[in-house]
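Q: Below are the chains, spelled out letter by letter.
2 protein chains.
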Amino acid sequence: MAKKPLKALFFDIDDTLYSSTDFAAGARRQAAQAMIRTGLKIDEETLLEELDEIIVEFGSNDDRHFDKLLRRLPKEAIPAGGKLYIIAAGVIAYHQCKFRNFSPYEDALEVLRTLHEKKLILGIISAGKPMKQVEKVLRLNLLPLIDFNRIFITESVGIAKTNPKIYMHACRAVGASPQECGYVGDKPSVDIDVPHRIGMKTFFSRRGTKYQNIPGVAEPDHVIHNFWDLLDIVEKQYEIAHHA
Amino acid sequence: MAKKPLKALFFDIDDTLYSSTDFAAGARRQAAQAMIRTGLKIDEETLLEELDEIIVEFGSNDDRHFDKLLRRLPKEAIPAGGKLYIIAAGVIAYHQCKFRNFSPYEDALEVLRTLHEKKLILGIISAGKPMKQVEKVLRLNLLPLIDFNRIFITESVGIAKTNPKIYMHACRAVGASPQECGYVGDKPSVDIDVPHRIGMKTFFSRRGTKYQNIPGVAEPDHVIHNFWDLLDIVEKQYEIAHHA
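Keeping their order, the protein sequence lines are chains R and P. For the first sequence, the numbering used here begins at 1 and goes up steadily by one. For the second sequence, the numbering used here begins at 1 and goes up steadily by one.
Hints in this document: simulated from the structure, not taken from any laboratory. Misleading hints may appear alongside valid ones.
Pairs count within a copy or across copies, as identical chains cannot be separated in the list.
[To be verified] Taking lysine-lysine pairs in the DSS-like style, the calculated list, with each CA pair at most 27 Å apart, reads: (1) Lys41 <-> Lys68; (2) Lys41 <-> Lys3; (3) Lys129 <-> Lys68; (4) Lys118 <-> Lys68; (5) Lys132 <-> Lys68; (6) Lys119 <-> Lys98; (7) Lys75 <-> Lys119; (8) Lys165 <-> Lys75; (9) Lys129 <-> Lys236; (10) Lys165 <-> Lys210; (11) Lys98 <-> Lys4; (12) Lys83 <-> Lys119; (13) Lys98 <-> Lys132.
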């Protein structure tokens, strides 16, 4: 079987390069425990359930989760004068987790390094608020491997991931045709279906569990369970087309 | 000499309970270095000087310092596409310092513990944004010693520290007359002059250097260089009036 040319691979961030699901669950638990230690009178599980509801209702990018949380709890749960302290304790604990527990999947970093050495162009196409996604790129220590001009955040570019134009934009920016580029993501309905429409090679990462059972329309070109699978596929089925 | 009754001592936070001057200088340097590591093409000292100017011009509570900083630098200093990454790197480094280097003066914590054991009421009267000051109280680990109902932040109370009413408000809240209360701070024109006007005992902390040479109108009742001085004065000259 003839090897196909591959110039660039673009990646999703959340639940592809690191486990955002695990990170968020851990950080929310740390925050809940800190709020209880600071005087909030409620049991940890009830607090976490309420917080999960807020995230479903208002999205994970809302920055007033803890504030809303306290307004939703019975008044008796909050000691007089303690509201701000409890919120701040939650915020501090959550941020502390960013310093302690924010890291890429180990194999992701190793394989990105290998692909970088092989001169494959690496990029990111990710949905979210620019500052939040940029912070993740920095905390995951990806800048030595991925040039910031190859990172495309939906709200910066002004195109959502449901629109193939953002993938086209990224391919064009690295001087490659969509057929010479791949996309690696965990959400079939956007990460597979949309880049597939313009002819990109699609890699469905099954490790992030959230969308395991919500298939898209298109069949992914490849299914990977970790980044060693990815490296194996690239090495066996593709020819890295060195850029100028 | 007969000992005077003392029911409560209130404290300023910044440069009284911890060295905000030293902390900020260190955190700004860490931030500048991180921005340079992320691609900003300027030397560290020039960057820090520009940042100092911004803080003088816009105040230390402005939350867009690094954003302003980059807009003030020559365009050539910022690599194409790198602006957000450089700002985020600065913010992350600054925050990291909060986790690593944010601690009270060692003697302050020890003396507060001793005074707390002696049943002296301890409180805080501090200028600033509620969330920022509350965060400091938590990071300095003061809550086990100071009840949050005895912490008065100007923007929460709605009275500035230039108005004696905030000191009166605090004394009343702990059920003491101003004559039975003391205030410990580093800025004579507000921390000494204003509480002095309502008859509180005033302690000028000379350790924070910023206002060393800007005396107020009133003579402080006491001058301290560290918290051991404070403990010594309280033990020798005051009788702690135990509250109910």
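Q: Take the hints in turn and mark each one as holding or not.
A: Outcome of the hint check:
Only within a single protomer do Lys41 and Lys68 lie at most 27 Å apart by alpha-carbon distance; the minimum there is 16 Å, versus 42 Å between protomers. Taking the shortest alpha-carbon separations for Lys41 and Lys3, neither the intra-copy value of 62 Å nor the inter-copy value of 42 Å comes in at or below 27 Å. In the homo-oligomer, the alpha carbons of Lys129 and Lys68 lie at most 27 Å apart both inside one protomer (20 Å) and across protomers (20 Å), since each shortest distance falls under that limit. When the C-alpha separation of Lys118 and Lys68 is checked against a cutoff of 27 Å, the pair qualifies neither within a copy, at 48 Å, nor between copies, at 39 Å.
Taking the shortest alpha-carbon separations for Lys132 and Lys68, both the intra-copy value of 20 Å and the inter-copy value of 19 Å come in at or below 27 Å. Taking CA atoms no more than 27 Å apart as the test, Lys119 paired with Lys98 passes in neither setting, with 31 Å inside one copy and 39 Å between copies. Taking identical chains as interchangeable, the C-alpha atoms of Lys75 and Lys119 are never at most 27 Å apart, the minima being 59 Å within one chain and 30 Å between chains. When the C-alpha separation of Lys165 and Lys75 is checked against a cutoff of 27 Å, the pair qualifies neither within a copy, at 49 Å, nor between copies, at 30 Å.
Within a single copy, Lys129 and Lys236 get their C-alpha atoms no closer than 36 Å, and across copies no closer than 59 Å, so neither meets the 27 Å cut-off. Proximity of Lys165 and Lys210 under a CA criterion of 27 Å is satisfied intra-copy only: 25 Å inside one chain copy versus 55 Å between copies. When the C-alpha separation of Lys98 and Lys4 is checked against a cutoff of 27 Å, the pair qualifies neither within a copy, at 39 Å, nor between copies, at 50 Å. Taking the shortest alpha-carbon separations for Lys83 and Lys119, only the inter-copy value of 25 Å comes in at or below 27 Å, while the best intra-copy value is 53 Å.
Taking the shortest alpha-carbon separations for Lys98 and Lys132, both the intra-copy value of 12 Å and the inter-copy value of 19 Å come in at or below 27 Å.
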